[in-house]
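All chains, full assembly: derive it from the sequences and hints.
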Amino acid sequence: MYIYDDFDHTVAQQRVAEFRDQVGRRLKGELSEEQFRPLRLMNGLYLQLHAYMLRVAVPYGTLSATQMRKLAHIARVYDRGYAHFTTRQNIQYNWIKLEEMPDLLAELASVQMHGNQTSGNCVRNVTADHFSGAIEGEVEDPRIVSEVIRQWSTFHPEFSWLPRKFKIAVTGAEKDRAAVQWHDIGLHIVRNDADEVGYTVYVGGGMGRIPVLATKVRAFLPKPELLSYLEAILRVYNRHGRRDNIHKARIKILVRDLGPEEFIRQVEEEWEASRQSGVNLPPQEEMRIARYFELPPLEKIAGPVAAFEDAKKQNRAFAQWVATNVHPHKAPGYAIATISLKPIGGIPGDIAADQMDAVADLAERYSFSEIRASHIQNLVLPHVKQADLFAVWQALGKIGFADANAGLVTDIIACPGLDYCSLANARSIPVAQRISERFADLDRQHKIGELQIKISGCINACGHHHAGHIGILGVDKAGQEFYQLTLGGAGDETASTGQLLGPGFSSDGIVDAVEKVIDTYLDLRQPAETFITAYRRVGPAPFKEKLYGAKQ
Amino acid sequence: MALNSSRVLDRNGPITDGWQRLADDEAVKTGASALVSFQRLKNEHNALFAEAAAVGVEIGGDVTLEELEPFLPRLGLIVVRFAFMRDGRPFSVGRLLRERYGYTRDLRAVGDFIPDQVLFLLRCGFNSFEVGPNFSADALKHGVAAYTVWYQRGVERNQTVAEMRLGKAKEQA
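Protein chains in written order, with the numbering used here: chain A, 1 to 552; chain R, 1001 to 1173.
Careful, some of the hints might be misleading.
Stated by the list, open to error - Heads up, simulated SDA-like pairs for lysine to any residue below, C-alpha to C-alpha not over 25 Å straight-line:
hint, chain 1, residue 1, chain 2, residue 2
1, R, K1170, A, V475
2, A, K165, R, Y1147
3, A, K447, A, K544
4, A, K248, R, A1083
5, R, K1168, A, S277
6, A, K97, A, R80
7, A, K165, A, G539
8, R, K1168, A, G278
9, R, K1029, R, G1013
10, A, K447, A, A528
11, A, K175, A, K544
12, A, K165, A, V279
13, A, K223, R, A1083
14, R, K1141, A, E34
15, A, K313, A, G449
16, A, K330, A, Q276
17, A, K28, R, K1170
18, A, K28, R, G1111
19, A, K165, R, F1084
20, R, K1168, A, P332
21, R, K1168, A, E196
22, A, K248, R, Y1147
23, R, K1141, A, D8
24, A, K28, R, H1142
Claimed, not checked - From chain A, some residues computed to sit far from chain R (all C-beta separations above 10 Å):
hint, residue
25, R25
26, E100
27, R537
Said to hold, decoys possible - If you only want the chain A side, here are some residues facing chain R, beta carbon under 8 Å, derived:
hint, residue
28, F7
29, E158
30, Q266
31, R288
Just so you know, the hints here were simulated from the structure itself, not pulled from any lab data. Glycine included, each C-beta is placed from N, C-alpha and C at the ideal position.
Now the structure itself:
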């Protein structure tokens, strides 16, 4: 993974010093809260319902064991012993004291981490496929360009005060695990007919109250010209995006208001005028960064691994875990292991300090010290020998993270909701917990198959409900928590927006409603049909009938 | 005339400033340096350039630069107003004026920006700052020294981190 050089260290240290000064001026009253707010947000610090919340960037979801241990240390010393992995591959602490922030940031900087641009109206932490560099069939490891973008977007002089937040995601494989079409800019690394590497560029995707799938603005952008093209997009947005209404300030609204054709014309015109201005990265620098993402020194392993095959035969629970939580690695004899942060009845994405340390130990021992955070709020050990999987699984069992539910009904995404968040209208976590408990039976989960439930506690959609096969949106109805159900959303290469099924359900009723939807699917599915393929075949009617039929 | 309570700073601190901000119906004093609205510049540019010793214009972040372009060679000052603190448009306007339109004279920010934003404004081509009484010149001086290396090239044509890395690599070769 990427390692800072002296220049990166200098930038990181200067950031800590700058924020130390800003906190000092705020505490002395030299900066008003209104002035300080955007400054603290650009360091990841929110003021929530009960305390300050800090969002630490995990660039493109890649973490080292050393960094994970530091995150555990921070949970113990500066917070209440736990933290929360988010839907943007970041990690959040919920009980931070403002006056301790400068020291906390200095600790993060000591392991090459930061809270830069995890909030605020700037280019946010870039996200990428959590299987990057380990999965078969990538044109290129998306973390290379993600690191290029991280550096380019860090404290950008022109684009640090955009109309609204700006999210970029990258995928390098045909199978899209980064939900690129749901981002302000989505990049899909492709190869053209001349065998050159470049990007298909999507712009203007986003969730929130107006869910929009991105527009493809360019089928092929040559790799060396990426940064000048990104600057052209951002300049058009920075100049012309709306600043009068926070709900209409995302780039998706500019694309819609101008119309995709006019938006593309303006971007191309801006690009033509500026593409030679020296913004593009020197190719040597791209090559320098790429070297950090070469595969670790894997062993050559030929043929099936007998110990692994035997363990699956002898232990059904292990075989179930392998079926859902293990993906094939591009190197024979290796595997990608998903650590489920979704124990039955648990809080999706939450992890205690001791569990973080244990994951760090496992990464060191079995995965070349590398860990990934996924936008599904799980962790990944990307380079595990098949022969070690049984030991990994047993060790995970000891910390309560061996659930064989990755991609299944209890692998629920949920935002923090009204338990923590000052924007929320309803609680998300208890709904996730009750659905998880309802479907605790693992055989039943495996029978239901691949299914993504995503829960947001308000219309801002941090729980990605628009992209859930089953989406749940918490709303406030005259002081009562209500939950709307959407079906048919997806975040992958077949991205689609979930459709509202009908009137909402009470907090008690929503779990029954979800179960009815799933039972309906089980009744009507054809062999080997997943929930989403079945829904796309039959549409909402059978589900509506089952849920509302008697009332209508 | 500039507001009584306002001051003009550059990156080193307060500077003396001879520009007089004129209301649209205020007469130009012959031989004075007149700062006018863009509307007035469009309407009265012949008279303004004839009477004033120098002409400056105040624009907003929403300016159409193509409209301003014909006047650029004769302007001595362009003031870009922040509509509010988080208004990011002046950053693009500054960079475009310097890099695309080749404007070389005084480029000034005015409005609700704070000292912590000045370094980025300098990097986008601004060189002076009209500020209110509560704006701390000390904080500005401190803020412009906050960073010494950059991943991006600014209007001041600094070496980027990538270029410094290349230079270092060549040295070592």
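Query - Numbers of the earlier hints that this structure fails to satisfy, in rising order - result: Hints 1, 7, 9, 11, 13, 16, 17, 20, 21, 22, 25 and 30 are the ones this structure does not satisfy, whereas the remaining hints hold.
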